[in-house]
Amino acid sequence: MTTLAGTGRLIRLILRRERLRLAIWVAVLVVVPVFTATAFIDLYPDPSSREALAATVASSPALTALLGPLYDPSIGGLTAWRAGTLGAFFVALMAILTMIRHTREEEETGRRELLGATVVGRHAPMVAALTVTIGTGVLVAGLLIAGLAGVGLPLAGSCAFGLGYAGVAAVFAGVGAVAAQLTEASSTARGIGVGIAGVTFLLRMAGDSGGEATEWLAWLSPIGWFSRLRPFAGEQWWVLLLWLGLSAVLITTAALVASRRDVGAGAFPPRPGPAGAAPGLSSPLGLAWRLHRGSVLGWTIGLAVLGAVYGAAGDSIQGMLEGNPQLQEIFEQMGGAQGLTDTFFSAVVGIIALITAAYAIRAVLRLNVEEEAMRAEWVLATATPRSRFAWSHLIFGLAIPVLILAVAGLVAGATYGAIVGDVADQAVRVLGAAMLQLPAVWILTGTAMALYGLAPERVSLSWGVLVACLILGQLGQILRFPQWSLNLSPFTHIPVFGDDIDVMPLAVLLVVAGFLIAAGLVGFRRRDMT
Amino acid sequence: MSAISISGLVKNFGHVRALDELDLEVAPGEVHGFLGPNGAGKTTTIRVLLGLIRHDAGTASLLGGDPWTEATELHRRLAYVPGDVTLWPKLTGGEVIDLLGRLRGGLDETKKARLLERFDLDPTKKGRTYSKGNRQKVALVAALSSDVELLILDEPTAGLDPLMEAEFRKCIEEDRATGRTVLLASHILAEVEALCDRVSIVRKGKIVESGTLSELRHLTRTTIRAELSYDPSPVAALSGVHDLRLHDHKVEFEVDSDRLDEVVRTLAPLGVRSLVSHPPTLEELFLRHYEDGEVRA
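Just so you know, the sequences run in chain order A and B. Heads up: the first sequence begins at 29 in our numbering, then just goes up one per residue. Heads up: the second sequence begins at 22 in our numbering, then just goes up one per residue.
The following block holds chain A by itself, in its conformation from the complex (with noise of 0.2 angstroms):
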């Protein structure tokens, strides 16, 4: 076993330079799901409440679709239900970016060649990446049992919701292992790894929301697995097996490539590019787009395509509503069925412009990813001012959120419009919410820009800020947080689509987010580069 020689320490350094990301992940995806399970206990105590809101997800393919089917109205069937696939999603996410940081993009920069000359065998990084990877997903596994359990659930329902998450873990870090094996750079192996794990999302998604017809999508979706595995709901422990099989072929693949090309090579080799810069390539600005284009791209598509499935969604509104008079006298309250149907885009916005501000987040730190490979300094050392730099990076956090809004509401109220037939009106409407939502996009977009400027060795606090809008905004109705907590996050300011739209919180967000911007351009102009 020399190809596995020096694993043990591989491990152990992975760990060492993950321990905080990692603890974080970890914490995340176990805290959410047992608090999610708490709530349901306060706030559905007895059989009768839930009946009637799984009768109301029932009648919803667009609940359906968004977080999988209900199977069993008790608090371990909600709680699956509402935290289980929607987690399953990060659990991925967390394989495959852990992965392609541990393979990959060491041997990207170079790491992985210092390793190789010391007693490490060739299987080593790899195997060690996929240890801590699986790991990972094994230690919520049992976190996820004891905290679900320890809550009150079924034991056999939390084995089965923390196992799916495990099997979850060892498929995408089979995913991660194999994309890394494909390309040279680690963003384009990180590129198809995400991509694949949106694909299957959205497979399930597509799979969920046709009831019995389309089932057979969800089968292909190792994320439309879990709701399979019916965790509380009759357990089917058989589905299991499925994440374990795929799992192994993946790594299997994964190492059979891997044992037939060179350290630092990819299964496709590059191509050779042009030998001078296209004239667009000659000032700052011309070099941001060129490394930010392909992820301009990426995301739009890939928020377009959400747009499409909530959009698709929106129809199943109105049909839940004419089978539930009861429903309908509570709709009736909150504004009638054009405001439920704008309270439901309001939703899918909000939830669209978080992901949006994650992509403007990334877009500003992209300073920061230029100044650690000292590549800003290179650039700042020609007659290129500082203030000059800054922007060349910023104004993708600034301007792209208004083209990724823009595009994903359009098609999202057209493809909700073509389907009630009347594509003009709807497509007005959710492009409108969508807009809406930019000052609260844009106040990330100047939390990143503050913390590069005046703290850049805190700028991943970044990434914290918007997962407590995550948090807050998904989770803090039904976990009763107090409503100052709420009105931390910007989010929750913005208003609702519809006539009488109240723009004062509006204003409030976009003066916040420009002192933001300007505290965090003063602050790089006048500090010391790293």
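Hint data in this document are derived by calculation from the structure and do not stem from the laboratory. Treat the hints with care, since some could be wrong.
Stated by the list, open to error - With a cut-off of at most 20 angstroms between alpha-carbon atoms, the simulated EDC-like pairs for lysine to aspartate or glutamate come out as follows: (1) B:K153 to A:D290; (2) B:K147 to A:E133; (3) B:K111 to A:E405; (4) B:K153 to A:E405; (5) B:K147 to A:E243; (6) B:K111 to A:E240; (7) B:K153 to A:E133; (8) B:K111 to A:E243.
Said to hold, decoys possible - According to the in silico footprint, chain A covers these stretches of chain B (three or more CB under 8 angstroms from chain A): (9) 68-79; (10) 87-94.
We treat Cβ as the ideally placed atom computed from N, Cα and C, and that holds for glycine.
Starting from the known structure of chain A, fit chain B onto it as the hints suggest.
Structure of chain B alone, referenced to chain A:
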């Protein structure tokens, strides 16, 4: 007016004093060697000169301007090769060379083509596929193909093979002929010895020696090996003689250069059968400063 003029420069990083009242003068048209081991303060000095970091005390002027407040204008007149060259993974070498040239305000196309050929660099490869040496070549071609007054080079030959190193030296010789000023930070003594008009040796953030090579040698010791007919012990009594080693009638020692005359007069009556004398190599100069420093420290 000096191309670079630094006096009393201080830079602290937290509790670490990276530059400790450093002085540096580089005259226009001069190739100036900036010598010191890793961590001595070479790169920090360069980063102050490029306006990438602010200094805490002292003064620094670059091409007659303030490196912090006038950075953008000054940078049109200089080209920089970083010590650690990282390329954009998806840009080709050729694109990087053009881009940096344009960001600086233009580059000389014929010069670029000639340099690509001389350094045997394929400009169509993507950044991530270049080896360390080839990344260095991209940075060198980008800097050398510009028409600027000043080149700031931080360990420019790291990773280059000996052939390319020779090519680099030729390029700098040619640039010297055109009157370009070069600040060459290096720890490769042979390179500095071959190229530089003047040398400054930096140690722990301070310049410990500065001048032309011959001036530096004058201040230091000459190594003498002699075979004598008579007992060489009178040499031991001389002041200015160091590291004396005696083997019967053979003697080897170092002597302070200003005492050389006295030593030769003492040796002459002792029946010199053979005599070898050589001035200190830069390496010896360098090691002396560092070894002395270590002993004192």
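Each hint tested on the structure:
| no. | hint | result |
| --- | --- | --- |
| 1 | B:K153 to A:D290 | holds, 17 angstroms |
| 2 | B:K147 to A:E133 | holds, 16 angstroms |
| 3 | B:K111 to A:E405 | holds, 18 angstroms |
| 4 | B:K153 to A:E405 | holds, 18 angstroms |
| 5 | B:K147 to A:E243 | violated, 44 angstroms |
| 6 | B:K111 to A:E240 | violated, 45 angstroms |
| 7 | B:K153 to A:E133 | holds, 17 angstroms |
| 8 | B:K111 to A:E243 | violated, 41 angstroms |
| 9 | 68-79 | holds (count 6) |
| 10 | 87-94 | holds (count 3) |
Consistency note: the structure conflicts with the earlier hints numbered 5, 6 and 8.
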